[in-house]
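Taking the hints into account, I'd like the entire structure generated from these sequences.
Numbering (our numbering), first residue to last: 1 to 274.
Not one of these hints is a red herring.
In the BS3-like style, the derived pairs of lysine-lysine whose C-alpha atoms are separated by at most 27 Å in a straight line are:
(1) LYS33 / LYS119
(2) LYS193 / LYS62
(3) LYS131 / LYS35
(4) LYS255 / LYS229
(5) LYS211 / LYS150
(6) LYS154 / LYS207
(7) LYS193 / LYS255
(8) LYS150 / LYS207
(9) LYS229 / LYS119
(10) LYS71 / LYS255
(11) LYS71 / LYS30
(12) LYS213 / LYS150
(13) LYS35 / LYS119
(14) LYS207 / LYS103
(15) LYS33 / LYS71
(16) LYS119 / LYS193
(17) LYS108 / LYS150
(18) LYS106 / LYS207
(19) LYS35 / LYS71
(20) LYS46 / LYS104
(21) LYS108 / LYS209
(22) LYS30 / LYS62
(23) LYS154 / LYS103
(24) LYS207 / LYS108
(25) LYS207 / LYS104
(26) LYS154 / LYS211
(27) LYS62 / LYS119
(28) LYS33 / LYS131
(29) LYS193 / LYS229
(30) LYS108 / LYS154
(31) LYS103 / LYS150
(32) LYS193 / LYS71
Bear in mind the hints are in silico, worked out from the structure with no lab data behind them.
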Amino acid sequence: MAFTQNYQYIHLASLSSLSLPADLWVPSSKDIKPKFSTQYALGYFKNFNENMYETSLEAYYKEISNLIEYKEGVLPEDNTNTNSDDAFVFGDGDSYGVELLIKKNKGKTTGWIGYTLSKTTKYFNDVNNGKPFPAKYDRRHDLSITASHKLNDKWTLSTVFVYATGNSITLPTERYVIGGDVYTEYTSRNGYKMPPYHRLDIGATFKPKPKRKYESSWNFSIYNVYSRKNPYFIYFALESDDNNGSIQNGNITPKAYQVSIFPILPSVTWNFSF
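Following this line, the structure appears as structure tokens:
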């Protein structure tokens, strides 16, 4: 059982609308109070077979005050100065969940499985019409699996699999034109989830017999083996319904596009020490 209280003098402010995502770290000031959190945790820990296996199960609840969020309307598309203290409003939040860990520490094959089930909610009187909304990085499910197998004195194989619920984002509900300018209406704050993030990495490490004055190793790895197109951000573009379309005549349709980075990526690394 644990009880902790913490002050944090730097805040994370996230723009979770469309366009390129932007996370800004904002220091506390005379206008921005330090973030304060109180956490309660209850856990069970057990090792087996002379510490070969390690297990833990922990539940937690955290209350957070003095959180910051961008004001309604402060979005990348609006060209608002998002670095000014005047761009923020203040509120509270809470987070709760359960964390499970199963780990193998000894033997030719080692590794661990970690899983977290959680929910993080924010409460701001001046955002989302005063209704609670999920945090940008509210991830209901977060799973990671790692394994390492020692074939012999020279070769070791490894693999990593990760899965996480997608980030929360704010989507537009409609766009309309007034005097040739495009205006956008948005959904509730962070009202939609991006597709889940998952990938598989594999690797092999070759370590020759050490020399008297130095030793080295080679690592061969493949990142994102099945080339999952994990979403980095989503943006909307206005496209013409025909070759003569324009904003003025209304022949414009907004279309959503997903941007992904880091497809399958093989690599070779040589490590040298003396």
